[in-house]
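Enquirer: Just so we're aligned: the sequence shown equals residues 106 to 392 in the numbering used here.
Derived from the structure by calculation, the hints contain no laboratory data. Computed from a predicted structure; not experimentally measured. Don't take every hint at face value.
[Said to hold, decoys possible] Below 25 Å or equal to it, Euclidean Cα-Cα: the simulated DSS-like pairs (lysine-lysine) are:
#1 K298 with K320
#2 K196 with K320
#3 K320 with K295
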Amino acid sequence: MSPSLEPPPQFTRRRFNIALGAATASTTVGLYGNALAQTSSQSELERLYAYLNLFARDTLAGASAFCVPGADLYSLVQGRSTFQAGGIAAKNDAFLVYMFDNYLPLPPPLGSSLATALSRPVRGINLSLGGVNLNLGSILAQVINTRESVRLSTLVALLLNALALLVQPASIIGPFLSPFSRLSWQNKAKVLKMLETADPQVLTVMGDVPAPLVKTLFAYLQLIALGLMAFGGFGSYSEWANLNRTTRTLNSRPVGWTLSKYQPNGPVEGWDEFRGYYQGRRSASDA
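Let's have the full structure, built from the sequences with the hints guiding it.
Expert: So, in structure tokens, the structure goes:
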């Protein structure tokens with residue numbers, strides 16, 4: 106299903122945009138309730154990190170909808186959706202944040218350079234949260250000035266949005282918190298292609314990158330692009346969001362089980378056809 110975002114005949118464009126904005130606001134509260142609550146923390150630094158986390162979650166929700174579209178607002182806005190639950194319902198945005206922040210290491214010098222460089226192209230982005238308008242560039246500057254590290258998920262979000270503004274400058278305004286999530290499916294593909302192919306335009310959003318780091322930087326950006334696609338698909342079809350880590354049981358049926366028509370208690374494909382080992386070989390060392 107590729108729905109049009111044109112307003113129905115009985116709606117004016119103004120009423121349609123107001124309705125879309127209201128739906129977006131409720132989506133933000135519904136998806137990121139816990140993260141939103143952290144923005145009221147008494148610690149200034151914790152509040153800043155909470156704002157950046159919300160921005161990263163929103164951006165990676167757009168990436169999740171790109172990888173596995175579903176019947177959600179992010180998929181509808183990108184113009185490619187389905188009648189089923191997708192990556193958003195599987196909470197894949199949270200999975201992507203978790204994976205980037207915990208399993209993909211970032212060399213400290215490169216992280217500091219990227220945070221400073223990427224704060225420039227996103228200065229025009231304002232975050233509207235709880236009736237308060239915050240400038241993303243100002244939030245970043247405060248975090249960088251504290252000499253605290255910027256999480257990799259935030260850097261990935263900054264990069265995707267800087268490139269989103271390059272691909273479609275008009276995405277600086279619209280529903281959601283991030284320009285990347287406002288892009289069409291085709292324009293999201295353009296952004297990811299720029300990362301995968303080491304497009305020279307990527308350097309334009311980063312300012313002056315030291316020559317010795319350019320090759321390393323491009324290799325790392327390609328790794329990020331691969332991670333977005335691999336984790337985007339894997340997380341949407343995994344049991345990560347439904348697993349109780351204490352009891353090691355599932356709280357509910359995972360979205361991926363429904364999408365793949367998996368029947369845990371029913372017949373499965375496959376037959377018991379094992380007939381033994383070729384020439385009795387049990388390991389490669391026996392060859």
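Enquirer: Could you run down the list of hints and mark each one as holding or not?
Expert: Now the hints, each set against the structure:
1. K298 with K320: Judged against 25 Å, a Cα distance of about 17 Å means the pair holds.
2. K196 with K320: violated, 34 Å
3. K320 with K295: At roughly 21 Å apart (the allowed maximum being 25 Å), K295 and K320 satisfy the hint.
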